[in-house]
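Chemist: Here are the chains, one letter per residue:
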Amino acid sequence: MALAEAPSPGLKAPRAAGSLRLAARQFPRHRAALIGLIVLALICLAAALAPLISPYDPTKIQLSAKLKPPSFEHWLGTDHFGRDVLSRLMYGGRTSLSVGLLVVGFAFAFGVPLGLASGYFGGRIDNLLMRLVDAFLTFPPLLLAVALVGLLGPDIQNVMLALGLVQAPVLARMVRGSTLSVREEVYVTAARALGAGPGRIVLSHLLRNVMSPIVVQLTIVFAAAVVAEASLSFLGFGTQPPQPSWGRDMSEARRFLGDAPWMFLAPTVAIALCVLSINFMGDGLRDALDPRAWRTRRSVTVSEKP
Amino acid sequence: MALLSVRNLYTSFATDRGVVRAVNGVSFDLEAGEVLGLVGESGSGKSVTALSIMRLVPEPPGRVTADSIAFDGVDLLRLSEAQVREMRGARMAMIFQDPMRSLNPVLTIGRQLTEVLRRHEGLSAAAARKRSIELLEMVGIPMAERRLAAYPHQFSGGMRQRVMIAIALACNPRLLIADEATTALDVTIQAQIIDLVKRLTRERGTSVIWISHDLGVVAGLCDRVNVMYAGTVVESGPIRELFHRPSHGYTLGLMDSTPRVDEQAGHRLRPIEGLPPNLIDPIPLCPFLPRCRVSVPACRERPPERRTFSERHWASCLADLAS
Amino acid sequence: MWRYLGRRLVQVPLVLLVVSLMTFLITRATPGDPVQIMLGMNTSPDAAAAMRADFNLDKPLPEQYALWIAKVATGDLGRSIRLNDRVTSLLAERLPISLQLAAAAMLFALCVSIPLGVIAALRRNTWIDYLCTGYTVMGFAVPNFGLALILIYVFSIKLDWLPITGIGSAEAAAGGWWAYISPFIVPAIALGTLQTAILTRLLRSSMIDVLSQDYMRTARAKGLLPSTVVIVHALKNAMIPFITMAAVQFGYMIGIQVTIEYIFAVPGMGSAVLNAVVNRDFPVIQGFTLVIAAFFLFANIVADMLYALFDPRIRY
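Chains as they are written, first to last, in the working numbering: chain A, 1 to 306; chain B, 307 to 629; chain C, 630 to 945.
For the record, the hints were derived by calculation from the structure and aren't laboratory data.
Just so you know, not all the hints are guaranteed correct.
[What the hints assert, rightly or not] Pairwise CB distance ranges (calculated): (1) C:I860 to B:G331: 34 to 42 Å; (2) A:F72 to C:G661: 43 to 51 Å; (3) C:E722 to B:P366: 52 to 60 Å.
Just so you know, these numbers come straight off a predicted model, no measurement behind them.
Each residue gets a CB set at the ideal place from its N, CA and C atoms; glycine is no exception.
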């Protein structure tokens, strides 16, 4: 049965020009992605407005109220110093999310030019850069980050630098792959024939076409950075006390596992929610940016052959 | 009594856009030893008819209903899946269009042949192996013994289709359904495969349903043809009568668009214009009407009715094409 | 195939050379002096100088590297500054434990992902499929140390079924098979859940892909039993990418154990690197990262070999 033969809107959509606008219209139809976006927005808002809306001072010690379970006064309970878990969660989110964002920025700023250069120029430059990337990817990412932060000193700037260094090669390799495939496409050749210089070709044609996989990859980088920051802080290589941090607080909660499970559950759920919403958003973005996916979602499920 | 008797077969698929009625009330008989052609373009319901008979339509999303699909006196629709499974590959077998993709790439040819023998004939490994070698030799594969250990990708397309035929005929089925079995092959290979099927089925008295969009292939092989369009049989008849006197606008269109060996120079091929209808919305009038070159005013007023030209030749068409 | 394997194996030392150079540069370019950390602030300059000389730390950097790599080529990874022990003997203690934990985690991942992936693909869009999707989504989202805490809370504290620590301890070694195995269970689940999610999702999608192939219809048209159709015809195809991915993931495992080792006090590779980083124990950092990288590279080669082994169409 040839049921999918009727032309669908996705087929007619121009791939490059205006595709972001089309994608923007497509995105909200992906329900999970929309929920992801809303949840992430709420988390970001709670973190950003923490100084205004957090019920308590996250570092204020009140030993009379230590290890209290969730109650009306302390929605998520208190920790071993009587500090409000919810407030710490909101402030901790500031660290996690800003690390995530900066790592994304770092990975983009280093990974994309490297990948573009490698893919576009090819030859020896490509070989050199990619061997370097290979070597980087041979290290387990977390261990590399631990080593970097451990050696540079446990400090939030170093965490960002380390995570950025870990993520940039991943992005570079991906951008290189996309660039290679786009480079050979006819219009690049055409543009070259019309006398456009290499810089122009790279920027106007390649970047626009490799943009959608980059955007999707950046959501993955963001999620990975949030988890990695928490892992580093958990191991004692990130934020230092009394700064609130999801990973750090979980590490401290280990000592009160049986007495105050809310202490480790709250940050765990926060991290999971964060990663979950980013992943959902990434899936939605991938579908929205890929015209082929528009078709499959609403077309036929029967797979009989003609 | 006919070997296979299909009465009012309806097969539909639930899709996101609505229910697609792929087969709409198909009825026909197939005698023992007869070779029946099913002809029509992509989406006309030929393959789905065949899959419905084999009970291979996935349900859901598919849905198969019929007054009866009687095979050797047994209504296949009343059998359990387990009972049908006993018949598939043993008493009725099927070969598919694309020999490149119809064989499992990670199993040896030997395994794919012997498993059907061991399953249905209860042969021992050694006996199945011996029989497999005979079968491969029968379908014209040289050095059969050594080929058992080979994988499908080491065979050419024609060779793979020979293997498929060997698998299909392994248990001497009463019915063989060939679904576009030669479409993916070179013309010379096509002829060899057709000859092979013709010879082997004639020797064994196997009934064949040969599905093709190519009237030329069907003409050389079949005793009788069903022409299908939009899920229905629009014309049916013995091959000579049908070619001599095509009686449906669609059959006529098919013939005009098929090159013929015996045709005079200067004869021009005429493709059928337009697209087949979507099968979601009900079609009250003749489904071929929008594309028909020979329609008459009556076609726009009432549904087509069956006109009979001889004992076995009929067409659902209002236009009189005899002139 | 053998020539391809040979080519790949030849590349390993080259990549490892780059890796070793990178670790060397990272350790030397960052602040912190191992000798000072080791001896403390108030030691005599002479003692510090003697120790520096002992570990070649007083030589110019290129010479330090050359001396080290020359020894590595003979199988000698040097001595730990901190522990006054050979890096190789430290490795002999730590590597088996890390491998056992990785193997236990992989075993868990395989035992869950194979049935779950297959059933989810066969029963698409039913509750079991949604359960599978939910499990994989959570597996991706919950960080392994968070999961570890949850598991400890449930199985060790509330239910008191399983011990938290004890991997590699003397009691575990002396106490019979259950005493040996039980401390592995919770860490292995915490460590293996991400791999379970990755593998389940992969198997489900490759299984769905295989089920829609023409040869599956052929298999059904042959009247084979459903078990044969699924296990022999579908699974044999769907397992090819799965096995490859499992091998790759196993290669990753040792490197991602750090947090788990930290929580469960496992004397493995990760915690050794962690301590070495804190103490600027350069020979340990260099030696261990080299081994971890080598393990990763070999796992990738094994993955490629498995691919060729299981897919008759692939010939290198």
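Chemist: With reference to the structure, classify each hint as holding or not holding.
Modeler: Now the hints, each set against the structure:
Separated by about 39 Å at the C-beta atoms, I860 of chain C and G331 of chain B satisfy the suggested range of 34 to 42 Å. Between F72 of chain A and G661 of chain C the beta carbons are some 49 Å apart, a value that agrees with the proposed interval 43 to 51 Å. Our hint of 52 to 60 Å for E722 of chain C and P366 of chain B holds, since their Cβ atoms are close to 58 Å apart.
Hint compliance for this structure: every hint is met.
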